[in-house]
Amino acid sequence: MSALPNAASPFLGFGRLLRRYGFAIAPEQVSGFMQAVTLLGPRSMADIREAALATLAPPPDRRDEFEAHFQSHFYGSTSAVVEGDADEETRIKDDGGADDQRIEAEHSQEGGELSSALEQLSTRDFQRDDDRLTAFQRKLPSALPARRSFRTVRTPSRGKLDLRRSLREIVSADGDVPSPLLRRRQTVPRKLLLLIDVSGSMKLHTADYLKLAHAIVQGADRAEIFTFGTRLTRITTALRIRDRDQALARAAAQVDDWDGGTRMGPTLLAFLSVPRFSSFARGAAVVVLSDALERGDHAELETAIRRLSARAFRLSLATPLAGDPRFRPVTAALRAILPDLDDLIDGSSLTSLIDFILSLARPAPAASTIWKRVS
Amino acid sequence: MPEVNAETVATSPEAVASHLATSRYLADDSLATAIFLAIRLGKPLLLEGAPGVGKTEAAKAVAELLGRDLVRLQCYEGIDAAHALYEWNYQRQLLAIRHAGEHEIDIYDDRFLIARPLLQVLRAPEQRVLLVDEIDRSDHEFEALLLEFLSDFQISIPERGTIRATAQPIVILTSNRTRELAEALRRRCVYHWIGYPDAEREAAIIMLRAGDVAEGTARAVAAAVQTIRARPLAKPPGIAEAVEWANAATILEKGGSPWPEAFRRAIGVLIKDEEDLSYIAPELGRIVEEALA
Chain A
1 MSALPNAASP FLGFGRLLRR YGFAIAPEQV SGFMQAVTLL GPRSMADIRE
51 AALATLAPPP DRRDEFEAHF QSHFYGSTSA VVEGDADEET RIKDDGGADD
101 QRIEAEHSQE GGELSSALEQ LSTRDFQRDD DRLTAFQRKL PSALPARRSF
151 RTVRTPSRGK LDLRRSLREI VSADGDVPSP LLRRRQTVPR KLLLLIDVSG
201 SMKLHTADYL KLAHAIVQGA DRAEIFTFGT RLTRITTALR IRDRDQALAR
251 AAAQVDDWDG GTRMGPTLLA FLSVPRFSSF ARGAAVVVLS DALERGDHAE
301 LETAIRRLSA RAFRLSLATP LAGDPRFRPV TAALRAILPD LDDLIDGSSL
351 TSLIDFILSL ARPAPAASTI WKRVS
Chain B
1 MPEVNAETVA TSPEAVASHL ATSRYLADDS LATAIFLAIR LGKPLLLEGA
51 PGVGKTEAAK AVAELLGRDL VRLQCYEGID AAHALYEWNY QRQLLAIRHA
101 GEHEIDIYDD RFLIARPLLQ VLRAPEQRVL LVDEIDRSDH EFEALLLEFL
151 SDFQISIPER GTIRATAQPI VILTSNRTRE LAEALRRRCV YHWIGYPDAE
201 REAAIIMLRA GDVAEGTARA VAAAVQTIRA RPLAKPPGIA EAVEWANAAT
251 ILEKGGSPWP EAFRRAIGVL IKDEEDLSYI APELGRIVEE ALA
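Just so you know, the sequences run in chain order A and B.
Its first residue numbered 1, the first sequence is counted upward by one per residue in the UniProt record's numbering.
Its first residue numbered 1, the second sequence is counted upward by one per residue in the UniProt record's numbering.
Just so you know, these hints were derived from the structure itself, not from any lab.
Hints should not be assumed to be uniformly reliable.
Every beta carbon over 10 Å from chain B, so not counted as near; a handful from chain A, in silico [what the hints assert, rightly or not]: (1) Phe150; (2) Arg151; (3) Ser157; (4) Gly260; (5) Ser279; (6) Arg307; (7) Val374.
Here's a subset of chain B near chain A, in silico, CB distances under 8 Å, partners left out [as the list claims (entries may be wrong)]: (8) Ala15; (9) Ala34; (10) Leu41; (11) Tyr90; (12) His103; (13) Glu104; (14) Ile105; (15) Asp110; (16) Arg111; (17) Phe112; (18) Glu180; (19) Val190; (20) Tyr196.
Glycine included, each C-beta is placed from N, C-alpha and C at the ideal position.
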C-alpha cells in the first residue's frame, strides 16, 4: 500500500509513538524529521537525535521524557520510559494543552483517594453559594483593576487624531474635510492570579476556594490558578470547563498534595523560577489564599513574597484565621512578610472573598498600616 | 563581508560551526545542526532559552556567516501590523492631496509607503537574515499574523496587491519562554533550546569575546559563574555578564587590585540585582578562591 521505503518506518513510528504519549507532532514535522535525517547523512545515532530534537521540537520541560522515548524507540531499551522523577524537590505540574489526555488516564487509574476530595466538593454545594458565585462571575470583568494598553480604540471625543481613518474619509469625500476621527489608548483589565493553599490546615476552605477559582476563570479575561502545598500545580486549564462539577473534578484529580503539609516558600520560589509563570504575575492582581503557617524557617517565604510583590500590581493574602476578631499578624512568618503585602484580609468565607475581589480596583491603605492601627 | 551562497557554507553542521567560530560565535553540535537544518530545509529557526545565553548573538553570527544584512524586528506587547509590516505616511499623503489641487494623484504611491522590517525583507533585492526578537513578548494575534508571513513569505497590501519575496529570507525567531508559543508556530520552525554552556566552552567564549583576558582568568570566571548560576538567583548571570566580569576584573587587577579582590570588586557587572547580590555576597570570596585554585 505504501510507497515508502522500509528504512523510513522507524522515523514514522517514532512520530506515532510521541503522539501516543501526548506530544503534539504534526505530519509536516515528521516529514521534516526525515528530510533532516537525509540531509545529515546520517553518520551516527547522535545525528538522528539532533534531527529529532530540531524538527519535532519537544517542549523544554518534557525534554527528559522525549529522550527516554528516543532511547526506547531507537535503542530498544524498554526500561528507559519512566515517568516523573523521585527527587525531593518541589515539582511543578503544568496542565498545559497536550498533557490533558495523559492526566485523564492517570486519574482513571487511581480513583479512590483523589475522588474522596471530590465528594466533599459536591456535598457542600449549597444553592445560595451558587447564586452568589453566578452574580460574582458576571460582575468580575468590570470590577478588576485596569491598565492602559498600547492598542487604541475609536472614541467620539478626547483622543488623538486617527490619521489613517481620517484620510480614508477625506479621500472618499473627494477632498472635503469631514469631522476628524479620534482614537485613544484602550484600557484592559489586569490579570488575576490566584494561589490556593491546599495543605491540611486549609482543609475546611479549599472546596470553597476552588469554586471561587472556577468562577474567576469563567468570568475574568485573563486569570491563572495554581494550588500549592508541598508542590505547585497549575489547574487553570481544568477550570476552563464551563460545567462546575466537571471542572472541579478534573482540577481535584490533578492536585497530588491534598491536605498535606505546606512548603509555601519553596513552592512560591518554584513558581517564580518558571519564566512563563512568573511573567504572568507581572502587573497582575495576585491573591494568595493561605493561612501562611509555614513549617520551619520562613526565610524562603520572605524572599518569595518580596519577589512576588515586586512583580505584582497588588499582592493580597487572604487567611481564614483573620475571620476571628482576635486575629493579629503575630507569627514570625506573617510579621516578616506583612510589609510586602498590599492587603491582609479575611479569607474564612466566600462572601468576604467575593467582596474583596470585587473591590480590587479601589485603592486601599497598605496592610501594614491597617494592622498597626488594629494591634 | 562578501555575500556567500548559503548552500556552500552550510555543507555540514561541522562546517557551520567552524564558519560561526570565525564570526567569533562558538556553537555546540546541537546548535550548529539546527542552524544547518534551518538553512538547508528553508525553514525559520526558533531559538529558545534563558536570557543571556546568546540567542540574538546567534542570529547576528548567522548573518555575518552568510555576509547578509540583518533586519531586526523587536517584539513587545501591543506590536501590530503597522509596526511590523508597513504603514502609510498619512501626513505626506494629506500634503500631497492639498498640493495636487485639481490634478489626479496616486496617494498609494511608493513614496508614501513606509516599509517596516517584514516588508523591508521582502522587497530587498538580495536575501536577508530576519531576526524576530523576543516573539514571546508579543500578543497571540501578532503571532498569528507572523504565521501567515512565515508560511508564504508574502504580504498583501490592500491598495497595492501582494508583494512576494524576491529572495526567500533566512528567519530566526528568539523567545525567552515567558509564555508558551502557539503549536502552529513551533511546528513550522526548526527548533533549538540553548542552555548555558559548560565551563570549558564558556571559558573559550570569554577568551574569544573579552578584549585582553588571560586564559587562567577566563577559566576562573567560567568556573565561578557556573557555581553562581547553580544558586537560586532571581536573575542568573548570562554569558555577556561573564565576559564583562572577566574584563572588569582584569582592568582592576592591572590597576593594582590583587586577584580575589579584583573579582569581588567587579561583581556589579556580573550580578545586577540587589537582592541576589546580598544573597551571594557572604559566599563570594569562597567561590572565587575555589575557582582560582
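Q | Earlier hints that do not hold, by number | A | 1, 2, 5, 6, 8, 12, 13, 14, 15, 16, 17 and 20
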